[in-house]
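Protein chains in written order, with numbering that gives the first Met the number 0: chain A, 0 to 492; chain B, 0 to 492.
If you are wondering where the hints come from, they were derived from the structure by calculation, not from laboratory data.
The reader is advised that the hints may include incorrect statements.
Since the list gives no way to pick one copy over another, a pair counts as held whenever it fits inside one copy or between any two copies.
Unchecked claim - Capping the alpha-carbon separation at 27 angstroms, the derived lysine-lysine pairs in DSS-like fashion look like this:
{"id": "1", "residue 1": "Lys280", "residue 2": "Lys106"}
{"id": "2", "residue 1": "Lys84", "residue 2": "Lys61"}
{"id": "3", "residue 1": "Lys339", "residue 2": "Lys446"}
{"id": "4", "residue 1": "Lys462", "residue 2": "Lys446"}
{"id": "5", "residue 1": "Lys417", "residue 2": "Lys245"}
{"id": "6", "residue 1": "Lys88", "residue 2": "Lys283"}
{"id": "7", "residue 1": "Lys115", "residue 2": "Lys88"}
{"id": "8", "residue 1": "Lys84", "residue 2": "Lys360"}
{"id": "9", "residue 1": "Lys417", "residue 2": "Lys114"}
{"id": "10", "residue 1": "Lys145", "residue 2": "Lys155"}
{"id": "11", "residue 1": "Lys114", "residue 2": "Lys170"}
{"id": "12", "residue 1": "Lys114", "residue 2": "Lys88"}
{"id": "13", "residue 1": "Lys88", "residue 2": "Lys23"}
{"id": "14", "residue 1": "Lys88", "residue 2": "Lys61"}
{"id": "15", "residue 1": "Lys383", "residue 2": "Lys114"}
{"id": "16", "residue 1": "Lys88", "residue 2": "Lys229"}
{"id": "17", "residue 1": "Lys332", "residue 2": "Lys346"}
{"id": "18", "residue 1": "Lys17", "residue 2": "Lys161"}
{"id": "19", "residue 1": "Lys482", "residue 2": "Lys446"}
{"id": "20", "residue 1": "Lys417", "residue 2": "Lys402"}
{"id": "21", "residue 1": "Lys446", "residue 2": "Lys161"}
{"id": "22", "residue 1": "Lys339", "residue 2": "Lys300"}
{"id": "23", "residue 1": "Lys280", "residue 2": "Lys170"}
{"id": "24", "residue 1": "Lys383", "residue 2": "Lys115"}
{"id": "25", "residue 1": "Lys114", "residue 2": "Lys84"}
{"id": "26", "residue 1": "Lys469", "residue 2": "Lys482"}
{"id": "27", "residue 1": "Lys84", "residue 2": "Lys23"}
{"id": "28", "residue 1": "Lys245", "residue 2": "Lys155"}
These numbers were taken from a predicted model, which means no experiment stands behind them.
There are 2 protein chains.
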Amino acid sequence: MHNLEVYNSLKRSKEQFKPIAEGKIGMYVCGPTVYSDVHIGNCRTFVSFDVIYRFLLYLGYKVRYVRNITDVGHLLDDGEDRISKGARKHNLEPMEVVQRYMNGFHKMMDIFNTKKPDIEPRATGHILEQIEMVQAIIDNGLAYEKNGSVYFNTKKYLEEGKAYGELSGRKIDDLLSMTRDDLKNQDEKDHPSDFAIWIKASPDHIMRWNAPWSVGFPGWHLECSVMSTKYLGETFDIHGGGNDLKFPHHENEIAQNVGACNCQPARYWLHTNMLLMNGRKMSKSEDNSITPQELFSGDSKHISQGYHPMALRFFMLQSHYRSTLDLTDDALKAADKGFKRLCDARKTLMSLESSSANGSKDQEIRGILDGAIAEMCDDFNTPKALAKIFELVPIINSYADGKIAADSISQELLASAKKEFEAIYTDVFGLYDPQEEGGGSHDALDKVMRLVLDIRQDARTNKDWDTSDKIRDGLAAAGITVKDGKDGSSWSV
Amino acid sequence: MHNLEVYNSLKRSKEQFKPIAEGKIGMYVCGPTVYSDVHIGNCRTFVSFDVIYRFLLYLGYKVRYVRNITDVGHLLDDGEDRISKGARKHNLEPMEVVQRYMNGFHKMMDIFNTKKPDIEPRATGHILEQIEMVQAIIDNGLAYEKNGSVYFNTKKYLEEGKAYGELSGRKIDDLLSMTRDDLKNQDEKDHPSDFAIWIKASPDHIMRWNAPWSVGFPGWHLECSVMSTKYLGETFDIHGGGNDLKFPHHENEIAQNVGACNCQPARYWLHTNMLLMNGRKMSKSEDNSITPQELFSGDSKHISQGYHPMALRFFMLQSHYRSTLDLTDDALKAADKGFKRLCDARKTLMSLESSSANGSKDQEIRGILDGAIAEMCDDFNTPKALAKIFELVPIINSYADGKIAADSISQELLASAKKEFEAIYTDVFGLYDPQEEGGGSHDALDKVMRLVLDIRQDARTNKDWDTSDKIRDGLAAAGITVKDGKDGSSWSV
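Same shape as in the complex, but just chain A (with noise of 0.2 angstroms):
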């Protein structure tokens, strides 16, 4: 088996992956609230944890992923509920907007080529285990209430000597004087460091369940811990989310999950950093925002042409999880044909042909492939995963364009080299080349500009110079572009 290392927020360095079951992984990471479209940031950050996902399955691990939903208790500042207040924009029920949003996202993943989680559980499906949560944390001294709603017990927490503050790295001190989670209820609170696990409903509040303490609705922070552990176990191997859910949203995650049963949550905490968008953080009050939308058919200001989905998620893969990764069109452009190169070198790759026992070139090729898969083993390094693999791009055209001799790659290594490339293209990198989009139309589309090339083809030959310059019009108009190579002519959309 591969060494895999990963970088561990809790611990602040990268360390040898373990999992706790052999062979076996349980990965959760905290998925949407789902009250409006999703952002791209959330995009990036779960094209980054599919392609974890992705890579682990790959290295053989049987991984049993968790993404949930958040489709209640998700506070805004103000303390209103966020689907509440979706709700109530939108004249809808509660679970009308959740069903909106949700639906988005799951089309927004599939359209990013995302693999679906195992598991997406959501918050108001567990409710009954959240109330169960909060009653245990209070049987063990970590919360109280006042007025309805259940407060986690902070200074309490770490009076007995529990680390709260270690993931995010907050001083104990600073912590309780200076959180503004939940600044609602501030004079409720015993601590302004503690948080609400059960929040009592006030009468116009849509969302609501009956529990001892009062007819409420659970703290966010308290779902994931629930949902985790249900699914996962009390202790499971990874938990992932974006860095700004570090604090307080893991924070207080993983007070709960000491709170009730005194084991930390999960062994390796992994966050992916943020997107920018021309150096700064995206913001639509500041006209520095552009969404997926956007991104695909180009009709925004902030970029010169729409971008396929597929580029965007090559974009993605060239930083690392844990860098920023700036969005500007420049950038985007340099992706988009970065991209293009790529899926022209892996069409040409599975068009070659060997018949050589040895090849003097096999070594060479073998290494970037190993190289790659180490890039990918060091914290999941895409950028470097890719870098290695762009080294084949030039030995591939060589090859193919006989500039290398035709024994340099044997026929072993050639079929291997194919089958590697496809992996980690299609199954590790979760791309696909969107020229093989289209189903039944793309075929028929393949056919007919065979006929096409071949009658080009002839009237080249026949010095038919108008029937040749009607092909070559017709074909720019139908904006397919054609590339005349020593084997024959290639094309693309």
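Please build the complex by placing chain B on the supplied structure of chain A, with the hints as guidance.
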């Protein structure tokens, strides 16, 4: 507003449809139990309700369409939970089974071009509410606890003068002696027709929740009582489902709702009829079954070719939802042909033009279009509505061919006919033309085909038979059929 009549299973008669709140409709349809791949019979049911949903929207109603996912509690004859059995079979956590088959179900619904429901609640998402309804029924004296399980007291219910058996038409005496539901715990029941609303989990039962009576799980019938009324109110407009759910599922739903809040849940009960194959019930053991995938691919000895999902949808529309639908290869072939004819006519219609102020055919066309809607208003009679629409086909084709005069259809009528045809075809029937699939590739193919047909015309003019033969053969190889007409050539894949 149109005069809509629906067949109400509860009254066994067609009734004028009147929603509870003017202009608004609440509709609940029993969704799938997600423990195996979706059956083509289920597809028919959900396509039927999709058309009903679409037509209600077409009529201008604001519809809240709720369709649940059963992910717990649906027991097999041997008393085992279907999801748990699936989990054991695949060696998965039950929620992984649920996720897998729920994803598969959603994908199939997309393939059949059904609209997503406004809310798709899951049974496990409403355990707390189910426990509360069990308690309400106990409090009303209509349920009793035995060894941790809770049973609905049908005898008491009848004694109070409430109608049990009204929907299914079963006689009380039969019910008291004949019911075979939940055989496993038969000895715990006071009367054979009683049914479990909370079931104590056996030690090996995986899915379990804490309730006042035991650690257990809710009865299958209970979830729909809870979820329909939670999202649509104690009494709502339409409850739908397959015929096979009438008893015991829907009968028990009514009893539970009446038992809990003393009111009927739904005003109109709509039931779809069965899908047969070659005149008999589908059965794997009798070698008389086919899966949706096999229908698409043609990979089954029961059919001579594959059918596009839209041809299958068209096939389903050719039967009324309350009639059985017999799936045979001949019927499918005929539907496939009919569907192509409809698609071609649509394409032709959209290309028609008129500059006439009046039209001798206007009244006839208007009558056909209005007639189609009138048929839909008669209990969603899709076969008759389709037949109406087909009356347009010869008119469209004759007009296109110049067989009827250019001034026989007015400009105004043609414009509204195009719009209304499109609304019925796309919005109500939920069809699309498979030839228009494939996005970019299809666009490119369209343009390249124009080029190819242009070159073919040149070749014919120049008596260049080599080239025209080459084009004929090349297009045949690409699976493309060319149809030459008065105004040029059209083609299809």
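Each hint, compared with the structure:
Taking the shortest alpha-carbon separations for Lys280 and Lys106, only the intra-copy value of 25 angstroms comes in at or below 27 angstroms, while the best inter-copy value is 36 angstroms. Taking CA atoms no more than 27 angstroms apart as the test, Lys84 paired with Lys61 passes between copies only; the shortest distance there is 21 angstroms, against 40 angstroms inside one copy. For the homomeric pair Lys339 and Lys446, the shortest alpha-carbon distances inside one copy (22 angstroms) and between copies (23 angstroms) are both at most 27 angstroms. In this homomeric assembly, Lys462 and Lys446 come within 27 angstroms of each other (Cα to Cα) both inside a single copy, at 24 angstroms, and across copies, at 25 angstroms.
Taking the closest pair of Cα atoms, Lys417 and Lys245 never come within 27 angstroms of each other, the shortest separation being 41 angstroms inside a single copy and 56 angstroms across copies. Taking the shortest alpha-carbon separations for Lys88 and Lys283, only the intra-copy value of 19 angstroms comes in at or below 27 angstroms, while the best inter-copy value is 50 angstroms. In this assembly of identical chains, the alpha carbons of Lys115 and Lys88 lie at most 27 angstroms apart only when taken from different copies (21 angstroms versus 30 angstroms within one copy). With identical chains, the CA atoms of Lys84 and Lys360 are never at most 27 angstroms apart, being 62 angstroms at best within one copy and 53 angstroms at best between copies.
Taking CA atoms no more than 27 angstroms apart as the test, Lys417 paired with Lys114 passes inside one copy only; the shortest distance there is 23 angstroms, against 41 angstroms between copies. Taking CA atoms no more than 27 angstroms apart as the test, Lys145 paired with Lys155 passes inside one copy only; the shortest distance there is 16 angstroms, against 44 angstroms between copies. With identical chains, the CA atoms of Lys114 and Lys170 are never at most 27 angstroms apart, being 38 angstroms at best within one copy and 51 angstroms at best between copies. Within a single copy, Lys114 and Lys88 get their C-alpha atoms only as close as 32 angstroms, which misses the 27 angstroms cut-off; across copies the closest is 23 angstroms, which meets it.
In this assembly of identical chains, the alpha carbons of Lys88 and Lys23 lie at most 27 angstroms apart only when taken from different copies (19 angstroms versus 44 angstroms within one copy). Only between protomers do Lys88 and Lys61 lie at most 27 angstroms apart by alpha-carbon distance; the minimum there is 17 angstroms, versus 43 angstroms within a single protomer. In this homomeric assembly, Lys383 and Lys114 come within 27 angstroms of each other (Cα to Cα) only inside a single copy, at 23 angstroms, whereas the closest approach across copies is 43 angstroms. When the C-alpha separation of Lys88 and Lys229 is checked against a cutoff of 27 angstroms, the pair qualifies only between copies, where the shortest distance is 21 angstroms, while the shortest distance within a copy is 34 angstroms.
Proximity of Lys332 and Lys346 under a CA criterion of 27 angstroms is satisfied intra-copy only: 21 angstroms inside one chain copy versus 38 angstroms between copies. For a Cα distance limit of 27 angstroms, the shortest separation of Lys17 from Lys161 inside one copy, 25 angstroms, qualifies, whereas the shortest one across copies, 62 angstroms, does not. For the identical chains of this complex, Lys482 and Lys446 are neighbours both inside a copy (17 angstroms) and across copies (19 angstroms), given an alpha-carbon limit of 27 angstroms. In this homomeric assembly, Lys417 and Lys402 come within 27 angstroms of each other (Cα to Cα) only inside a single copy, at 20 angstroms, whereas the closest approach across copies is 59 angstroms.
Taking identical chains as interchangeable, the C-alpha atoms of Lys446 and Lys161 are never at most 27 angstroms apart, the minima being 68 angstroms within one chain and 69 angstroms between chains. Only within a single protomer do Lys339 and Lys300 lie at most 27 angstroms apart by alpha-carbon distance; the minimum there is 24 angstroms, versus 43 angstroms between protomers. In this assembly of identical chains, Lys280 and Lys170 lie within 27 angstroms of each other by CA distance solely inside one copy; the values are 26 angstroms within and 69 angstroms between copies. In this assembly of identical chains, the alpha carbons of Lys383 and Lys115 lie at most 27 angstroms apart only when taken from the same copy (26 angstroms versus 41 angstroms across copies).
When the C-alpha separation of Lys114 and Lys84 is checked against a cutoff of 27 angstroms, the pair qualifies only between copies, where the shortest distance is 25 angstroms, while the shortest distance within a copy is 30 angstroms. In the homo-oligomer, the alpha carbons of Lys469 and Lys482 lie at most 27 angstroms apart both inside one protomer (17 angstroms) and across protomers (23 angstroms), since each shortest distance falls under that limit. Only between protomers do Lys84 and Lys23 lie at most 27 angstroms apart by alpha-carbon distance; the minimum there is 23 angstroms, versus 40 angstroms within a single protomer. For the identical chains of this complex, Lys245 and Lys155 are intra-copy neighbours only, at 21 angstroms inside a copy versus 56 angstroms across copies, given an alpha-carbon limit of 27 angstroms.
Of the numbered hints stated above, those contradicted by the structure are hints 5, 8, 11, 21, listed in ascending order.
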